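Undergrad: For reference, the chains in residue letters:
There are 4 protein chains.
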Amino acid sequence: MNTFGRIFRVSMLGESHGECVGALIDGVPAGIPISPDSLLPDLARRKSGAKGTTTRKEADVPRIMSGVFKGKTTGAPILMLIDNKDIDSGKYEALKNTPRPGHADMAVWQKFSGFADYRGGGHFSGRLTAALVCAGSVARRMLAESGVKVEAAVVEIGGAAGDKAIGEALDAAIQAGDSLGGIVECRASGVPAGLGEPFFDSAESLIAHAAFSIPAIKGIEFGAGFAGARMRGSECNDAILDESGRTATNNAGGINGGITNGNELVFRVAVKPTASIAKEGKTVDLETGKSVPITVSGRHDACVALRVPVVLEAVAAIVLADLMIIEQRIPRVEKAAVKKDKAG
Amino acid sequence: MNTFGRIFRVSMLGESHGECVGALIDGVPAGIPISPDSLLPDLARRKSGAKGTTTRKEADVPRIMSGVFKGKTTGAPILMLIDNKDIDSGKYEALKNTPRPGHADMAVWQKFSGFADYRGGGHFSGRLTAALVCAGSVARRMLAESGVKVEAAVVEIGGAAGDKAIGEALDAAIQAGDSLGGIVECRASGVPAGLGEPFFDSAESLIAHAAFSIPAIKGIEFGAGFAGARMRGSECNDAILDESGRTATNNAGGINGGITNGNELVFRVAVKPTASIAKEGKTVDLETGKSVPITVSGRHDACVALRVPVVLEAVAAIVLADLMIIEQRIPRVEKAAVKKDKAG
Amino acid sequence: MNTFGRIFRVSMLGESHGECVGALIDGVPAGIPISPDSLLPDLARRKSGAKGTTTRKEADVPRIMSGVFKGKTTGAPILMLIDNKDIDSGKYEALKNTPRPGHADMAVWQKFSGFADYRGGGHFSGRLTAALVCAGSVARRMLAESGVKVEAAVVEIGGAAGDKAIGEALDAAIQAGDSLGGIVECRASGVPAGLGEPFFDSAESLIAHAAFSIPAIKGIEFGAGFAGARMRGSECNDAILDESGRTATNNAGGINGGITNGNELVFRVAVKPTASIAKEGKTVDLETGKSVPITVSGRHDACVALRVPVVLEAVAAIVLADLMIIEQRIPRVEKAAVKKDKAG
Amino acid sequence: MNTFGRIFRVSMLGESHGECVGALIDGVPAGIPISPDSLLPDLARRKSGAKGTTTRKEADVPRIMSGVFKGKTTGAPILMLIDNKDIDSGKYEALKNTPRPGHADMAVWQKFSGFADYRGGGHFSGRLTAALVCAGSVARRMLAESGVKVEAAVVEIGGAAGDKAIGEALDAAIQAGDSLGGIVECRASGVPAGLGEPFFDSAESLIAHAAFSIPAIKGIEFGAGFAGARMRGSECNDAILDESGRTATNNAGGINGGITNGNELVFRVAVKPTASIAKEGKTVDLETGKSVPITVSGRHDACVALRVPVVLEAVAAIVLADLMIIEQRIPRVEKAAVKKDKAG
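Chains as they are written, first to last, in the numbering used here: chain A, 1 to 344; chain B, 1 to 344; chain C, 1 to 344; chain D, 1 to 344.
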């Protein structure tokens with residue numbers, strides 16, 4: 001379903017080539033200063049333009065339709081919309097009956113009996129992550145007040161690490177009309193111990209749940225992750241140093257038993273290579289039932305992983321903000337705002 | 001929170017050294033034959049006894065306290081309890097003030113200000129997975145009627161694959177008073193296309209959410225997963241072969257855009273090495289605040305991954321059963337049962 | 001929280017004097033024809049203009065921002081917005097520090113420490129029911145296919161029944177600068193037996209939950225309701241006439257044990273008199289702490305109950321549509337649409 | 001579904017003539033002293049024995065199966081079971097095919113195709129309210145720490161008020177082999193302003209939702225309720241007396257716009273007459289399809305309303321406890337307990 005969270009709740013909407021994409025967020029404390037401008041820095045980081053990203057250019061200036069009054073959140077639901085303007089749906093009509101390999105097209109066609117908006121992936125497009133980023137900015141602002149900071153970065157593209165190697169890998173893939181995947185790492189500092197709700201809402205469960213909503217994510221690991229599965233216990237256990245729970249190593253990635261332990265939160269996601277490629281693939285024609293070749297000539301990222309970091313930060317911030325509210329570490333009305341207003 | 005699912009819902013309870021562990025399941029169709037006996041085969045697979053598993057021996061005969069009448073489910077909530085009998089809590093009193101490295105002890109102590117049941121990990125013990133397995137058996141029974149089958153197996157222990165190599169790795173670790181992690185793979189066949197609910201309840205999101213509730217899981221990947229992040233698009237895209245959506249390869253692991261595509265569902269989890277080891281580690285004494293050495297001499301699995309397969313099947317079955325009900329592919333009253341009852 | 005429902009889910013947003021009010025609805029089956037025009041008849045019934053209703057005039061033409069493609073629902077979330085245009089916020093600035101008796105002003109001021117949008121009741125305004133009516137229209141369309149029909153009507157205004165008596169009561173109240181309450185009855189025909197989910201989601205629980213979200217509702221009763229509390233069992237029990245469950249009387253209002261019994265669904269709500277009146281009341285000045293007189297001179301309904309019927313139908317339809325989906329009596333893709341599309 | 005609440009969550013289970021009834025409660029703060037004994041006073045108030053109540057006698061000593069350690073809550077889910085011992089199911093076998101008028105039998109038979117446990121109403125029996133009362137006791141204990149107190153009382157039986165008139169009405173009904181309904185009023189003092197979550201989780205919505213889960217409840221009204229629908233605004237509006245929001249009258253019943261306003265919370269429910277009566281009624285034989293007379297000779301309350309007060313308190317306390325946690329007015333670890341433990 002399109003809603004995530006328990007108190008701080010995000011509901012998603014929109015299509016790649018429809019009117020807009022957007023997020024409706026509920027449970028935001030009252031008194032937080034939010035404006036369209038305050039959302040722009042995160043949105044800018046998500047934008048395309050760099051090598052390996054699509055040529056679709058959207059202004060991406062969000063409109064805040066509700067829940068903010070006199071520049072501050074009111075406690076009512078906040079609707080944030082981002083219009084779709086640079087739409088070029090022409091080529092999608094041709095692809096209507098030939099589901100693109102690696103895309104959701106075929107599964108979606110089966111689920112919704114052909115009624116889904118197929119233009120640019122419709123509701124299943126990476127375009128929706130622009131709205132996620134807006135919701136993430138609000139969550140991040142809520143966390144900042146409590147000293148929690150979330151940062152993600154690309155650590156690997158097409159198996160290559162380091163700017164130079166990554167640049168070369170991208171060049172080679174682009175030239176081949178092909179695409180690359182990558183690995184993105186996210187770290188959150190200042191996370192207090194005690195976040196996560198047993199049995200099912202472990203910190204890992206919630207972060208993974210939200211992260212797999214990002215298109216193209218196919219794996220996630222916390223701390224040592226898959227490498228930890230090859231360690232011995234004596235190597236993997238993190239020695240506890242003091243009463244605060246600080247550990248000598250961080251193979252747990254900041255989470256034990258599903259509960260944050262006060263150390264840095266660390267996790268990585270695997271981003272598959274962009275499915276849309278100029279190289280010929282193979283699919284079926286849904287009208288004739290025959291096998292046909294397919295090349296996808298639209299405007300696409302050669303490597304969508306490059307744009308994932310700020311989106312990954314967004315989902316991590318969304319999860320942490322909700323857990324912080326549940327744990328009563330973020331109050332329901334921003335205290336700083338109340339004080340300031342009273343002083344002023 | 002302790003409940004998972006939308007229509008078919010599982011709520012967990014219990015502690016390692018308390019009265020019992022259990023699961024309360026709601027939304028089970030009426031008319032399904034369920035008895036304590038029908039749960040035993042799955043529970044037997046979870047049991048210890050083999051090399052690398054704990055010497056704690058529990059009869060693990062579940063009691064069904066509600067929701068079943070004349071041998072069939074009634075549509076009302078089903079409470080399944082498994083008593084704890086082979087309890088040896090003595091040593092835990094000594095560990096009360098020295099949180100075990102790699103365990104939830106320290107995080108839980110901080111979250112609940114010392115009120116949690118610390119004996120054997122309390123509510124955070126792997127013991128609760130016995131109840132998960134019971135719920136999984138019911139889910140599995142629901143799926144069977146629709147031709148969906150879920151099977152998991154250990155693919156790697158301590159970096160070793162194959163029975164001989166794994167056996168040697170276990171021997172070495174046990175002799176060293178140490179423990180090993182492992183990787184477990186789960187496959188589901190017969191899964192129809194169309195399961196998964198955008199935006200947030202992608203099939204991957206829900207499976208990952210449930211899987212990270214299993215203690216010791218630190219990573220999950222679908223299809224090609226992390227290896228896919230190192231592929232090119234032309235290699236990773238699965239060619240679509242026919243109108244049913246069958247693909248030539250299965251790098252997607254049976255899920256595109258969060259929706260099952262009708263191919264086999266495939267995912268793997270990383271299980272960290274058992275945290276309880278005889279080798280000396282380091283922790284803090286919560287009473288004195290001083291750093292102290294710690295060895296954990298209780299009865300433990302040298303490799304908990306060995307007992308994960310049936311638990312992983314359980315969570316996969318729980319997720320799939322709920323998605324099948326939501327997609328109206330499992331009816332709310334078992335049709336076969338109705339027919340049989342009418343005939344009889 | 002701002003979301004209601006389990007599969008068919010409605011999320012609300014907006015303020016009386018903000019940009020817009022709206023509803024984001026999820027879980028709508030794919031293939032249902034929906035257009036802004038299709039929502040107008042219900043919206044028209046909610047409109048003001050008749051005696052006893054406000055002079056605020058809104059065009060109330062909804063915009064569908066997502067989830068509909070080529071005139072039909074896609075299965076993705078549907079955002080419906082109604083712009084606020086006839087806004088006259090001037091007088092609310094004056095009322096900012098003097099919470100209006102009978103309104104949410106004071107409670108909201110305390111809950112959100114003064115950050116809420118106070119203009120025209122903000123998020124707590126009856127204006128939001130326009131969006132509820134849109135969601136209700138979609139629900140009603142879903143139900144129509146299954147033969148379920150929901151109709152509500154005013155049965156009493158200010159204690160008077162019948163058009164003439166009601167007209168006179170309204171005239172008298174308007175002349176006195178006062179307002180009236182009323183009682184509205186809702187009936188749903190064609191409701192199948194078996195809707196309602198024990199223990200907590202009884203049909204009555206869900207309808208009451210949704211109905212009390214409508215501003216000014218202060219009571220609800222099903223079937224004989226409060227009058228039934230004064231009957232004897234022999235009088236109140238509805239004799240069962242045949243295997244379909246048809247009963248001779250309908251004191252149960254179509255619900256037994258929280259489950260619909262196949263008879264007509266009947267319930268009534270108590271609508272309190274409009275709180276905004278020209279007659280002088282008493283409140284406190286939040287800046288000075290002093291008691292002050294207050295008259296509310298804005299544009300208001302003299303009797304909000306007159307506009308409640310279509311809103312009550314909306315919430316009833318929303319609840320029934322969700323229960324019908326859960327009971328698998330409304331499919332997830334509209335069958336008629338699929339057939340028609342295949343034929344065409 | 002069988003779960004209610006957002007943070008403090010109650011899940012119900014059990015049948016009238018099965019092993020037990022019970023409640024699984026999650027989200028209870030750690031550190032609260034709870035024991036079976038502490039639940040007895042509330043359970044005693046629910047017990048039968050007085051004039052007009054059933055002769056079924058249950059010891060009703062609850063067992064706490066999880067979530068409590070060393071006499072205090074741990075933060076983990078608490079399972080409370082009450083065994084069924086005084087079971088006399090014989091007569092129900094005879095009633096199996098003749099659904100009792102006024103009962104859930106017929107609706108349940110249709111919903112679950114005959115698989116439901118029909119003995120004594122099964123999962124739809126008033127017997128489950130014993131478990132609700134246990135959960136309510138825990139909620140009440142949580143509220144007490146914050147000065148919130150919930151009390152309910154019978155205000156009317158069979159239309160009669162006052163002990164003498166009620167006694168006479170009961171005698172007459174019992175002699176006639178008939179039953180009576182009644183009206184029960186609940187008041188909560190010490191409720192802070194600001195509880196209730198717009199748009200859908202108004203305080204009234206949640207209380208009504210929970211109250212309609214109690215068998216036999218057919219109406220609810222807050223403050224002036226249905227009488228308020230016959231008032232004018234000038235009469236119904238509660239004058240605000242001071243900055244705390246205290247009002248001169250309380251026609252709002254302590255709730256405005258769905259948010260508590262700091263005044264006493266007041267609501268009333270309509271309880272229908274017990275459906276089981278010795279007087280002859282009319283039903284259908286499900287095997288033959290023929291109309292047949294029916295008398296219900298089991299052990300029943302002549303007036304179930306007499307036993308409702310403590311149950312109504314329980315659901316009110318459950319709702320208020322959850323809203324208090326959401327509003328962060330009840331901490332997640334009991335502060336008094338932490339202090340005392342540190343001192344001790």
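Honestly, the hints are just simulated from the structure, not real lab data.
What you are looking at is a predicted structure, and each value in this text was computed from that prediction instead of being measured.
Among the hints, erroneous ones may be present.
One copy or two, either will do: identical chains are not told apart, so a pair holds if it fits within one copy or between any two.
[What the hints assert, rightly or not] The calculated DMTMM-like cross-link candidates involving lysine to aspartate or glutamate, where the alpha carbons are at most 25 Å apart (straight line), are:
| no. | residue 1 | residue 2 |
| --- | --- | --- |
| 1 | Lys72 | Asp83 |
| 2 | Lys72 | Glu243 |
| 3 | Lys96 | Glu145 |
| 4 | Lys282 | Glu185 |
| 5 | Lys290 | Glu168 |
| 6 | Lys149 | Glu235 |
| 7 | Lys70 | Asp171 |
Undergrad: Now tell me if each hint is right for this structure.
TA: Right, here's what the structure says about each hint:
1. Lys72 - Asp83: both (23 Å within a copy, 21 Å between copies)
2. Lys72 - Glu243: between (39 Å within a copy, 24 Å between copies)
3. Lys96 - Glu145: neither (47 Å within a copy, 29 Å between copies)
4. Lys282 - Glu185: Answer is neither: 33 Å inside a copy and 28 Å across each miss the 25 Å cutoff.
5. Lys290 - Glu168: Neither. Shortest intra-copy (38 Å) and inter-copy (52 Å) distances fail the 25 Å Cα cut-off.
6. Lys149 - Glu235: neither (28 Å within a copy, 37 Å between copies)
7. Lys70 - Asp171: For Lys70 and Asp171, the Cα distance exceeds 25 Å both inside one copy (48 Å) and across copies (40 Å).
In this structure, the hints that do not hold are numbers 3, 4, 5, 6, 7, in rising order.
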